[in-house]
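Student: These protein sequence lines are chains S and Z, in that order.
Anchor point for the first sequence: position 258 equals 258 in this note's numbering, and the numbering is continuous, going up by one each time.
Anchor point for the second sequence: position 60 equals 60 in this note's numbering, and the numbering is continuous, going up by one each time.
It is possible that part of the hints are untrue.
Said to hold, decoys possible - Straight-line C-alpha distance at most 20 Å; calculated DMTMM-like pairs for lysine to aspartate or glutamate:
| no. | chain 1 | residue 1 | chain 2 | residue 2 |
| --- | --- | --- | --- | --- |
| 1 | S | K23 | Z | E19 |
| 2 | S | K118 | S | E299 |
| 3 | S | K233 | Z | E81 |
Said to hold, decoys possible - Not everything, but these chain Z residues come out facing chain S in the computed CB check (under 8 Å):
| no. | residue |
| --- | --- |
| 4 | R70 |
| 5 | L73 |
| 6 | A106 |
What the hints assert, rightly or not - Listed next, the stretches of chain Z that the computed footprint assigns to chain S, with coverage defined by at least 3 CB atoms under 8 Å from CB atoms of chain S:
| no. | segment |
| --- | --- |
| 7 | 59 to 67 |
| 8 | 83 to 95 |
Quick caveat, the hints were computed from the structure, so don't treat them as lab data.
Backbone N, C-alpha and C fix where the C-beta goes; we use that ideal spot for every residue, glycine too.
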Amino acid sequence: MVGESWMREQGLRDALLVEVLRKRGLANVPIWSRSFPERDDAIRHWEDLTPLRDGPVAPARAAIGDASAVTEDLKRRAREFGADLVGVTALRPEFIELGVNLDHDYVIAIACYERYTKVLEGADAVELEAMQVYAKCADIATELARHIREELGCPALAHHNGSVQIQAIPVMYHAGFGELGKHGSLINPLLGANFRPGFVTTTLPLVTDRPLEFGVQNYCVNCTLCTNNCPGKAIPDEFILTEGLKRWLTDIEKCYPYSRLRDEYCHICVDVCPYIHKMNGDPGTAATFKAYMKNRKAEGYKAPKHN
Amino acid sequence: MPPALRRLAEAALARLRREGSACEETGSAVWQADLTGPQDEKLRVLCRGPALPATVPAEMATAERIAAERPWLGAYRLTVEAPLVVLDLCWSDNQPLRIMSYSRGAWEQLLLP
Chain S
1 MVGESWMREQ
11 GLRDALLVEV
21 LRKRGLANVP
31 IWSRSFPERD
41 DAIRHWEDLT
51 PLRDGPVAPA
61 RAAIGDASAV
71 TEDLKRRARE
81 FGADLVGVTA
91 LRPEFIELGV
101 NLDHDYVIAI
111 ACYERYTKVL
121 EGADAVELEA
131 MQVYAKCADI
141 ATELARHIRE
151 ELGCPALAHH
161 NGSVQIQAIP
171 VMYHAGFGEL
181 GKHGSLINPL
191 LGANFRPGFV
201 TTTLPLVTDR
211 PLEFGVQNYC
221 VNCTLCTNNC
231 PGKAIPDEFI
241 LTEGLKRWLT
251 DIEKCYPYSR
261 LRDEYCHICV
271 DVCPYIHKMN
281 GDPGTAATFK
291 AYMKNRKAEG
301 YKAPKHN
Chain Z
1 MPPALRRLAE
11 AALARLRREG
21 SACEETGSAV
31 WQADLTGPQD
41 EKLRVLCRGP
51 ALPATVPAEM
61 ATAERIAAER
71 PWLGAYRLTV
81 EAPLVVLDLC
91 WSDNQPLRIM
101 SYSRGAWEQL
111 LLP
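Can you build the whole structure from these sequences, using the hints too?
Tutor: As structure tokens, then:
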């Protein structure tokens, strides 16, 4: 099937970021041009995995049991590889990048938790955690796709930060990871919004999951923590409806000066989200949240300096 | 350019021609149309540029071209706000179109004829 989804490109391939840079007379993106060797190692890791996204499919298809058993086996393997969340949904043209022909039927979504305690260590620690978790997701997606191709004999393609043709948020929603929050990230009852994804698309028949709804969208209507803490005032109170779901579209032109044009990572909207502890009842995470919010209040929710 | 997106852009320009009004901004003009849906949904269509264009480019700029052509300033910018920015397109004469933002949603039905 041919993809119908326009996906924002990363870095200088994004027309809006290029426009924001032009307005400020900048040639490069400060957050990515600064020296941060450990982060760059993580990026290099997923880039090294890019050629392994696809590969030869075993000539004889394995005797596969019923779709339910295969799905459970794949989910078990993904968890053994380190995934915290695994879900499956049917692939649709609106999940695939515009113009990309992907003759697969299903998408397996995996996600790994980002340790929330990093918020107390500063922006570099949060950024490094995010990049290392992305690298881990790339490992898991690559290995899962290889397993499907080489051991089950079905075409399978890994999608991760090295190269992705899948629209992450709607796929994760339909795979049952959670609901879309006001900050634009998906919220899971156990992990909050502190996770990063990877994907595998395949022709292997699988049993699909269903969306998991637990009141996030209604809660976000009245919660103002991310909107009040966003240094760029980029998160709106208004929302649009897409297929009946609320989407608070972050104003990217207001977000970029803080998330791209400084040399410090910005993840504040997710880090102040109370769903990190609200549903899972974990006292340690709740204590970290409280300590982090105390820090935010001590800063008077002031905006960080930017270029 | 995908047909669905082209239909939206052409519909936005048609609404500006039919229902919009022009005013001057520094160095260019801006055309604006405020639309209201049957359930009081609000939609604002805006186009900035030297003139109200008759159409949008059929071709889209590749990501490689966007990255290579910097700095780049488009002559025309067409936006739709619902009230958040849901469609934002930029282009110059005889050059491919750049999608700055696009978010699918119920607003599309309000814009289309």
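Student: Determine for every hint whether it applies to the structure shown.
Tutor: Verification of the hints:
1. S:K23 <-> Z:E19: violated (31 Å)
2. S:K118 <-> S:E299: holds (18 Å)
3. S:K233 <-> Z:E81: Holds - the C-alpha atoms of Z:E81 and S:K233 are around 17 Å apart, at most 20 Å.
4. R70: Cβ of Z:R70 sits 6 Å from chain S, so the hint holds.
5. L73: holds (7 Å)
6. A106: holds (5 Å)
7. 59 to 67: holds (count 5)
8. 83 to 95: holds (count 6)
Comparing the model with each earlier hint shows a violation of hint 1 alone; every other hint is respected.
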